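Top to bottom, those sequences are chains A and B. If you read the first sequence in the working numbering, its first letter stands for residue 1, the second for the next number, and so on. If you read the second sequence in the working numbering, its first letter stands for residue 1001, the second for the next number, and so on.
Don't take every hint at face value.
[As the list claims (entries may be wrong)] Examples of chain B residues toward chain A, derived with CB under 8 Å:
id : residue
1  : Gly1034
2  : Gln1065
3  : Arg1120
Just so you know, these hints were derived from the structure itself, not from any lab. Computed from a prediction, not measured in an experiment: that's the story for all the values here. Ideal placement from N, C-alpha and C gives every residue a C-beta, glycine not left out.
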Amino acid sequence: MDDLAMYLFDLTQNAIRAQAKHIRMTLHETTDELRLTLSDDGCGMDEQTLEQATSPYFTTRTTRKVGLGLSMIDMVAKQTEGTFKLDSKPGIGTNLYVTFHHHHIDMPAIGNLGEMIMMIAIHQDVSDFTFIYEKEEQSYQFILSDIKTMFLETLSTYSVMDAMTQYINQEINKVRG
Amino acid sequence: MKSLEDLQKLRDEALKKMNIRYIKGGYRIQVGMGTCGIASGAKQILQGFLKEIEARNITNVAVTQVGCMGECAYEPMAEIIDENGQSFVYCTITQPMITEIIESHLINHQPIQKYLLANRKS
């Protein structure tokens, strides 16, 4: 994994696999911190699963014996002297709160957020996805249902996806300054 | 700089070109998008398939994302399911392989045996 966008994309795969109908990702940038909130209304985890969720040697999958998604984001939070908190209730969903110190020497590059958003947007099992980037008084919001209304089935064509990726990155960069 | 007008124009062009991309009986390409796949470059592989399919105006293919396929060491992987429901799992895919797979398998209906997981593992 090279950058934060890849970690975030990987985390949303957990929500998708948990059959979430609604996924909401917020990145809030302050002077020192980048705060990530990722909420879904998927199947959630019981207490025992939650306790083991950040262990790389724990997974609920049967196809392999390791589970790296949450353990890697926990690692990135720790290496930037940030925080990691996971809340989950079976049948209700999961909330993940992570802070990173974005000026920390071990903070990975933020990466291509537009590409990450579009990859989630074209996923056949994602019906509702909201992404928000906030900094000071400014924010950019991506609401998948609005975008789907505008683009219909053309959303998953390469030219539209590529143009949208550029557009989203441009709008996020305006907020980031 | 991309404006909303640019995007709307692009959408209208894509709608004109688009016939019935998701028809029944066509091919389905499933790209493995677990942690292992993402770390191995599955995003670029999925984009590569979409780009090539659009460039060649192939209309009977649906490209979708799936989770870990259980063979992490062989990522990036993509499973092609043909009109008859037969499955072919291609592994350690690179960008040049995408062109070959599309030409040989999707257009000429000849799976490339040497790229299949079953043959690479043995």
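- Taking the closest Cβ pair, is Gly1034 of chain B under 8 Å from chain A? 7 Å, holds
- Item | chain A contact restraint on Arg1120 of chain B - CB to CB distance below 8 Å | 18 Å, violated
- Query: Is the interface hint for Gln1065 of chain B satisfied, with its Cβ closer than 8 Å to some Cβ of chain A?
  - Reply: Holds: closest Cβ of chain A sits about 5 Å from Gln1065 of chain B, inside 8 Å.
Comparing the model with each earlier hint shows a violation of hint 3 alone; every other hint is respected.
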